[in-house]
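Number of protein chains: 2
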Amino acid sequence: MKAILVIADGMADRPVKELDMKTPLEASHKPTLNQLAKTGVCGIIDPISPGRPPGSDTATLALLGYDALKVYSGRGALEALGSGVTVSKGDIAFRCNFATANKDLVVLDRRAGRIATEGAAKLAESLQKIRLEKPVRTSFLFKSTIQHRAVLVLRGPGWSTAISDSDPGEVGERVPEIRPLGKSRNAVLTAKVVNELSSEFRRVLENHPVNRNRIEQGEPPANIILCRSAGTVPQIEPLSKTYRINAACVGATALVKGVCKAAGMELIHVPGATGTFQTDYLAKAKMAAQALEQCDFVLLHVKAPDVASHDRNVRQKIEAIERIDNMLSHLLKNVDISSVCVAVTADHTTSVLTGRHEGDPVPIVIAGSNVRRDDVAEFGERSCAKGGLNRIRGIDLMPLLMNLIGKTRIFGA
Amino acid sequence: MKAILVIADGMADRPVKELDMKTPLEASHKPTLNQLAKTGVCGIIDPISPGRPPGSDTATLALLGYDALKVYSGRGALEALGSGVTVSKGDIAFRCNFATANKDLVVLDRRAGRIATEGAAKLAESLQKIRLEKPVRTSFLFKSTIQHRAVLVLRGPGWSTAISDSDPGEVGERVPEIRPLGKSRNAVLTAKVVNELSSEFRRVLENHPVNRNRIEQGEPPANIILCRSAGTVPQIEPLSKTYRINAACVGATALVKGVCKAAGMELIHVPGATGTFQTDYLAKAKMAAQALEQCDFVLLHVKAPDVASHDRNVRQKIEAIERIDNMLSHLLKNVDISSVCVAVTADHTTSVLTGRHEGDPVPIVIAGSNVRRDDVAEFGERSCAKGGLNRIRGIDLMPLLMNLIGKTRIFGA
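Those sequence lines, one after another, are chains A and B. According to the working numbering, the first sequence holds residues 1 to 413 in order. According to the working numbering, the second sequence holds residues 1001 to 1413 in order.
Worth double-checking, as some hints may not be accurate.
Once the Cα atoms are required to be at most 30 Å apart in a straight line, the calculated DSSO-like pairs of lysine-lysine come out as [claimed, not checked]: (1) B/LYS1241 to A/LYS183; (2) A/LYS70 to B/LYS1129; (3) A/LYS407 to A/LYS70; (4) A/LYS89 to A/LYS38; (5) B/LYS1038 to A/LYS386; (6) A/LYS192 to A/LYS70; (7) A/LYS89 to A/LYS134; (8) B/LYS1192 to B/LYS1122; (9) B/LYS1129 to B/LYS1038; (10) B/LYS1386 to A/LYS17; (11) B/LYS1022 to A/LYS386; (12) B/LYS1038 to A/LYS22; (13) A/LYS38 to B/LYS1038; (14) A/LYS38 to B/LYS1386; (15) A/LYS103 to A/LYS89; (16) A/LYS333 to A/LYS286; (17) B/LYS1022 to A/LYS22; (18) B/LYS1103 to B/LYS1129.
Here are the in silico distance ranges between beta carbons for each label pair [to be verified]: (19) B/ARG1014 to A/GLY388: 39 to 49 Å; (20) B/SER1199 to A/ASN390: 21 to 31 Å; (21) B/ARG1014 to A/ALA413: 58 to 68 Å.
Chain A stretches covered by chain B per the calculated footprint, using a threshold of three residues with CB under 8 Å from any CB of chain B [said to hold, decoys possible]: (22) 54–60; (23) 68–75; (24) 90–104; (25) 354–360; (26) 404–413.
For the record, the hints were derived by calculation from the structure and aren't laboratory data. Just so you know, even glycine gets a beta-carbon here, dropped at the ideal spot from N, CA and C.
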């Protein structure tokens, strides 16, 4: 037996007035999800704990069976890992944004107009050429990932993650200096180095041809790098050891890929998968089905519903869910359901009303020959709450799935 | 968004034969509670954990989001705090009863005929005048609260809570000497001091005019003070810090007010609220609605159903529940439901059959614009068990409510 876990990022939601108090998921046309609900067992999941809004990183850690409250060590290192950067013990990594600021360092656009991946890559290439000798000679790596997203890694040892962010989080705020949190010498040094590096970054970005071209085109220049979420790589046991399985991830966003990498999973590249609304769903379905031939467990992650939710775009969220439904129908055609356990859930609720991650539970369906099928006939936040799984926590899902495919070991005798 | 949490003390119950195996809550006429159930999301709560009967103190701590198993440090200090007494770090406080004993110190009435608050206050005033010099000079405070209830605080440092109670808990038992639990010097000293103080109390009570008058009236004299539940103030983070909210409590019982005080909540005095069956429900509803204008979160506590349950009075319990229902209808008329999340639950099950707190779960309803309304149409122990919240723990309620009103912070990114 094998298992595939499909995570639709931020798919769960709250009732929306313009949808007659249905959620976007409830309002979607989703024959495949409903078919899974009919043939499987449903429930709701608190990714971390009731009411607690998780990030995609902590939620994915939990859904892979880890105790995120104990092992989570910051977004930066996970995003770096997921974009193919090696982050070793002692290194610290930051999640960065290409952003637009005015001369007074007031943020005008936290995503530099969601700059295209190609343009950001060219800028990153130039930033990597900087040599920093003061306050100490510093070995660093700066790499852009998707659109405005980038990672910065300081090669250790000697650094501290006990420092503040330079990302003010809001448009209209001034970019703050990074400060040490506490008085540790490493934290003081780390803050100094990142501040120095940030001002070198600004100097290079200011006159960069990519930005000159953006200004000519009327687009906001990516003239500043905002750093946040300094982190180290979580020290977790790989899934291969915990469950004696081969596991792979089919996904596009660096953050989720980083979590999977930290869990020792193989990262499968999908041409056309972008982590955006325009991602190639069918290519993902195909890759996931192929991966299942080699692996015991595949995580298939789709970012699109979360993007639509953050943009408060109800129609786009529904469309993303319907495309996922279509993706699932392709997946199921290429997977032998008699030997594969199929689970579909979301990593968290993202509200199209607030545009934020919320702490409401997410629906889950598990279909496969070993499940105790219940009488839920529709996949939705409320219908699944009546399912046979009742209400579980994110950390419980992986053991449940591994149990269904015979990969758990007895505790006791 | 704001939230109000209504806690009906001991409202939950077990099936009762004389009610055709309905619970008192199920047998009540409760149109407002049913309306809330119809428009909200329901579930059941294990205040601490399944099967574990909580006190109102531990349950309220849990319902406010604290891990009672870790932070609970005895009833005495909470009751003292709630009756307006300052209890500092190092002080220990006792929950006391005015009781009636015979000459052999056998307890005849643990509540001295539920002596009136005024009479008890006069007695307490006299007890406070005692000066204790042996075995050590002791600074103490003795204060009556409601009816037979009182608090005793020994000003520290140097005391220990590792001592036994002088309250035998049962009528017909002899009042025991307080003993140190273990051999710590502080515990030995504390036991000696409280025993000495107790005998001074008896000496003063014996000839007190209030008691002479009670005997004349055929009422049991309050001639002994029973001490139990030595405690210190729990060291917990105030709600204002955890959730960045202003929080207030509308309630009358010292114990619950003490928990709220320890949680940094404002205590709102309600003229007419007594913590008894005769409490002024409508005054409480009005005060709670007013408090919501200033605060993000209000806890409205009603003691009456618990009192009726301890007295094993089924009819009175039903009447208390029906009065609470009426109180809620007034509350809802004065609260803008579109911007206020309304939750109603009990702190524990108190059985009218056993007269004791039991470990059965309690029903919960949460109504408000963000909730995923379910199809539960009646507020009761069994109907709510079919609700969209499923089964949660007490400690999870506060994060759930704070999530619904936008007061939680993301964990991760």
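Going down the list of hints, with the structure as the test:
Under the criterion of a C-alpha separation no larger than 30 Å, the hint pairing B/LYS1241 with A/LYS183 is consistent with the structure, at around 23 Å. A C-alpha spacing of about 54 Å is found between A/LYS70 and B/LYS1129, which places the hinted pair above 30 Å, so the restraint is violated. A threshold of 30 Å between alpha carbons decides the hint, and for A/LYS407 with A/LYS70 the separation of about 24 Å falls inside it, so the pair holds. Taking the CA atoms of A/LYS89 and A/LYS38, the gap is about 46 Å. The hint is violated against a cut of 30 Å.
The straight-line distance between the Cα atoms of B/LYS1038 and A/LYS386 is roughly 16 Å, inside the 30 Å bound, and the hint therefore holds. Among the hinted pairs, A/LYS192 with A/LYS70 is consistent with the structure: their alpha-carbon atoms are about 29 Å apart, no more than 30 Å. Between the alpha carbons of A/LYS89 and A/LYS134 the distance comes to roughly 23 Å, so the proposed pair stays at or under 30 Å and holds. With a CA separation close to 26 Å, the supplied pair B/LYS1192 and B/LYS1122 stays within the 30 Å bound.
Simply put, B/LYS1129 and B/LYS1038 have alpha-carbon atoms about 56 Å apart, too far for the 30 Å limit, and the pair is violated. The hinted pair formed by B/LYS1386 and A/LYS17 meets the criterion: a straight-line CA distance of about 25 Å does not exceed 30 Å. Note on B/LYS1022 and A/LYS386: the hinted pairing holds, with a Cα-Cα distance of about 24 Å set against a maximum of 30 Å. The suggested pairing of B/LYS1038 with A/LYS22 holds, with an alpha-carbon distance near 16 Å, which does not exceed 30 Å.
Restraint check for A/LYS38 and B/LYS1038: satisfied, since their Cα atoms lie roughly 26 Å apart, inside the 30 Å limit. Under the criterion of a C-alpha separation no larger than 30 Å, the hint pairing A/LYS38 with B/LYS1386 is consistent with the structure, at around 20 Å. This hinted pair does not check out: A/LYS103 and A/LYS89 have alpha carbons roughly 37 Å apart, beyond 30 Å. Taken as a hint, the A/LYS333 and A/LYS286 pair is honoured in the structure, with Cα atoms around 10 Å apart against an allowance of 30 Å.
Between the alpha carbons of B/LYS1022 and A/LYS22 the distance comes to roughly 34 Å, so the proposed pair goes past 30 Å and is violated. Note on B/LYS1103 and B/LYS1129: the hinted pairing holds, with a Cα-Cα distance of about 24 Å set against a maximum of 30 Å. About 27 Å separates the C-beta atoms of B/ARG1014 and A/GLY388, a value inconsistent with the hinted range of 39 to 49 Å. In this structure, B/SER1199 and A/ASN390 break the distance hint of 21 to 31 Å, their C-beta atoms being roughly 56 Å apart.
Distance hint for B/ARG1014 and A/ALA413: a CB-CB separation of about 38 Å, inconsistent with the stated range 58 to 68 Å. Coverage of the segment 54–60 of chain A by chain B holds. Counting CB-CB distances below 8 Å, 6 residues qualify, and the rule asks for three or more. Only residues whose C-beta sits within less than 8 Å of a C-beta in chain B count toward coverage, and the segment 68–75 of chain A has 4 of them, enough to reach three; the restraint holds. Counting residues of the segment 90–104 of chain A whose CB lies closer than 8 Å to any CB of chain B gives 1, which falls below the minimum of 3, so the coverage claim is violated.
Counting residues of the segment 354–360 of chain A whose beta-carbon sits less than 8 Å from any beta-carbon of chain B gives 6, enough to reach three: the coverage restraint holds. Note: the segment 404–413 of chain A has 0 residues with beta-carbon separation from chain B under 8 Å; the three-residue rule is not met and the coverage is violated.
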